[in-house]
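Based on the hints, put chain B with the ligands in the right spot on chain A.
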Amino acid sequence: MADIIEVRNFTFFYGSFRAIRELNLSIRANQITALIGPSGCGKSTFLRSLNRMNDTIRGTHVQGEVLLDGQNIYAPEVDVTELRQRVGMVFQRPNPFPQSIYDNVAFGPRVLGMDRTQNLETIVRESLEKAVLWDEVKDHLRTSALDLSPGQQQRLCIARTIAVRPEVILMDEPCSALDPVATLRIEDLMRELARDYTIVIVTHNMQQAARASDWTGFFWLGELVEFRETADLFSNPREALTEAYISGRRG
Amino acid sequence: MNVTTADDTTSTGQAGPLTGTTDRGTWREFFVEHAIKAAGISMIAIVGLIFFFLLREGLPTLGEVPLGALLGTRWYPIEELYGLIPLVIGSLLVTAGSVLIAVPLGLTTAIYLSEIAPQWQRDILKPLIEVLAGIPSIVLGFLGWVALAPLIQSLGAPTGLTAFTGSLVLAYMALPTIISISEDALYAVPKEYRDGALAIGATQWQAIRMVVLRAASPGLVTAVMLGIGRAIGETMAVMMVTGNAANMPAFGPAILFEPVRTMTATIAAEMGEVSQGSVHYHTLFLIGILLFIITFAINSLAGRLIGGQEQRRKRGQI
Ligand SMILES: Nc1ncnc2c1ncn2[C@@H]1O[C@H](COP(=O)(O)OP(=O)(O)O)[C@@H](O)[C@H]1O
Ligand SMILES: [Mg+2]
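Respectively, the protein sequence lines represent chains A and B.
Counting in the numbering used here, the first sequence runs from 1 upward without gaps.
Counting in the numbering used here, the second sequence runs from 252 upward without gaps.
Same shape as in the complex, but just chain A (with noise of 0.2 Å):
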């Protein structure tokens, strides 16, 4: 199976502050990649340099390279906007914007001008229907996306970043602010995605990443302690860390 995105030697500074040193790592496509670890070891930090979401952080700076497709996308001839196009995210609260459902999954199209050349109906149903929602909502699509629960909202917020037509879609502890019942739909919904998408995604829960990756990365004090097929890094870690962390949590 083909890497989509390899790490190589990256470093991230806030300031003079190095929240991720020196990491490699290769995300395969269509697989679902889990990054674990404790608060504040960078799973943030280094998931937001995967679309350059950095950037509107004053004073950072990267050493090394992100390659996507096999090009750095922290080259300068780079077009974030672009790069975020292929590389979408979704965030840890649910951010649909105060406008209606339509306009929301509508906003990504209408801002990179597919509309000009495709229904935007279409591409909003379509969008919609990926992410399990166009049953919920067909009917009230003008209504407020604030009126959603906060399940719906997420998954609204996922039919908005595939309706770009992302190829990496990368998520931060997307159910942290949702209830057991929404989090497992989500859960199942990025199964379904995995087939057209390649997710990445942080989360503090052991058993959400026992469950739904294929691969496992455990973040340590900004650095990659071990990085496996999920399977394995839970029933065997290599380093003594990553146990320690796998079993602690658990118990």
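There are no misleading hints in this set.
Straight-line Cα separation of at most 30 Å, DSSO-like style, residue types lysine-lysine; simulated pairs:
(1) Lys442/B <-> Lys377/B
(2) Lys442/B <-> Lys130/A
(3) Lys442/B <-> Lys138/A
Worth flagging that the hints you see were computed from the coordinates, not collected in a lab.
Please read all numbers here as calculations on a predicted model, not as lab measurements.
Just chain B with the ligands now, kept in the frame of chain A:
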């Protein structure tokens, strides 16, 4: 001794059944409630009295001066000419001009401050704008008279004291209100919305235009309305710089560059000279009624706009 008493009261209160309030509480509540009621009623009464007074002093004009004359184009009380049209047009010109200047300038400044400017510029500009809001209008009028008017004359207008000069001064007065309220509205838009837009591949400008401005729109409307409200109410500054000529301006491309006189300025300038109860006196009050109606209309329009926006926003259509 006091402490013990207080403790006793408390413990008695806690131990006893929850019957609601003690005697002292009831009395205090009664007093506060009625004081608030009285204040509210007297406010309504005062507004009612003002309105009644306005009507009593202003309406007789309608019997004394024929309607056709009131709608005439000359305001020249010495010759018993009471055409209100030039004054209304003067007010409209000056206010419309100031809105056209202040709204785009104010909104773009607010967008710059909240979305683009680095922190240190915000730190300097925000307090500066609050200070500008505190400059008395008469001072601004004076500045307009000594500095702005000569400038406008040097640009080719026959006189520097024109509707446009008034518009500039009023715009300047409305700007701090518009900037600071709309900046607050923009700043209150959660960062998550901007992140959400950027993460899909929107440019910063697209995120501002399609998400941030829409989310902040009720606040922006309020800002503009309050700004306009401030502009309409200003009398003195405008009186100093618009030339104070109660003539019909000649309609044409240069209409803003002619001297005018506003309704407010007319009242302020002439009220001191009229004899009470005269036709002139009554007419000035009629102008007051007219202003009252216009302001009321604008306020309720603003209220409806804001209310409608609020509802549409709740329904997610904005
Ligand atoms: N905007 C920021 N500015 C400075 N330091 C930050 C910022 N965001 C995160 N950090 C620091 O970087 C480290 C990693 O944070 P983060 O990536 O959010 O961790 P995680 O997602 O694993 O909890 C933490 O020490 C945190 O304090
Ligand atoms: Mg995090």
